[in-house]
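S.K.: One letter stands for each residue in the lines below.
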Amino acid sequence: MSASNETQGAEGGADEPPQPDNTFYECNICFDTAKDPIVSMCGHLFCWPCLHRWLETRPNRQVCPVCKAGIGKEKVIPIYGRGSTNQQDPREKLPPRPQGQRSEPETQGGFPGFGFSDGGFHMSFGIGAFPFGIFASTFNFNDGRPGPPEAGSPQHTEEMFLSKVFLWVAILFIFWLLVA
Amino acid sequence: MANIAEQRIKREFKEVVKSEEVAKCHIKVELVDDSYRELRGEIAGPPDTPYEGGNFLLEIKIPETYPFNPPKVKFLTKIWHPNISSVTGAICLDILRDQWAAAMTLRTVLLSLQALLSAAEPDDPQDAVVAKQYKENPKIFQQTARHWTNIFAGGPLREKDLESKVTQLIGMGFDQNKARIALSTYNWNVEQATEYLLS
Ligand SMILES: [Zn+2]
Ligand SMILES: [Zn+2]
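Line order of the protein sequences matches chains A and B.
Start counting the first sequence at 1; every next residue gets the next number (my numbering).
Start counting the second sequence at 1001; every next residue gets the next number (my numbering).
So here's chain A without its partners, still in its complex pose (with noise of 0.2 Å):
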């Protein structure tokens, strides 16, 4: 038969030798040993290269090549052999398919009640940080922020003068543990 001579010619006989189970691990669209392999739901292994480009030259009817079934970019599964030295999705390494932006709005605290403006600060302390956060907040807010200690005016007894400066100190030196 003409075609079967004309064949081996044109192979050059290089990778003549039958391996009988490798076109078990063929993808199915290049028909060559699956480079960053996946395969679909229904059970087909392509390339991952081979399958962008057949996703996207039918954009409107994306079937698995193989067996027509539903296919798409977010239901294949990567398969990593162990002796593969790179680990990274291979759908990561084309152009990912663009995707809607969106961001989230701004919120204010997690504790809006307090009026305590500065919502990120609850959340840096992490859970055992957290109750002193509250705490120190709310005596904060209770107190009205008065202006600095020397504010209280000479008439006030020393005792309640001491006092109002040592509370203070202590909320100063909580914050300051606290930030630090």
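Everything labelled a hint here was simulated from the structure, so no lab data went into it.
Any given hint might turn out to be false.
Claimed, not checked - List time: in silico DSSO-like cross-link candidates among lysine-lysine, alpha-carbon distance up to 30 Å:
#1 K35/A x K1010/B
#2 K68/A x K1018/B
#3 K68/A x K1061/B
#4 K1139/B x K1074/B
Based on the hints, put chain B with the ligands in the right spot on chain A.
M.R.: Coordinates of chain B with the ligands only, in the frame set by chain A:
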């Protein structure tokens, strides 16, 4: 040509050549030159059809985007079939258009074409004249298709009645192929075919 297309065709050659169908001489693919852009296909007419015993040559052109897009295939051998143009050989087959899938191969295409010869789809015709005859005069369709297979594809069965009508028109000075097409189109009514050829 994009490398992937050429690599694919090279691999497919092996597949087709090794396949059972080739062993039975039912399908065949050959290179036209070394470019892998154009190939020559051949399918045997399926048994129990008017195409039985005929060999049909196909022109196969591989686009650079193969296998993401289908090969462009048409019949080089003239054939009388509802889904194949009796004039140009153009084929109406879904897998050569929107139903193509990248895992399909030249082998799939040739086998599908063979299946198309066994089971025409007159409701999705390429050649409206043939499709009409297929539906309205199935017996005449069978004879016409068999006659074309005999004349153009080397089929063994002769339709002597039809041959004599062609000869009759040739005797009147008409071109053989034009006479055959006119007679096939007008259900082998000599008067109507003559009228058509004179108009
Ligand atoms: Zn591939
Ligand atoms: Zn599949």
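S.K.: For every hint, state whether the structure bears it out.
M.R.: Here is how each hint holds up against the structure:
no., hint, verdict
1, K35/A x K1010/B, "holds (19 Å)"
2, K68/A x K1018/B, "holds (26 Å)"
3, K68/A x K1061/B, "holds (24 Å)"
4, K1139/B x K1074/B, "holds (26 Å)"
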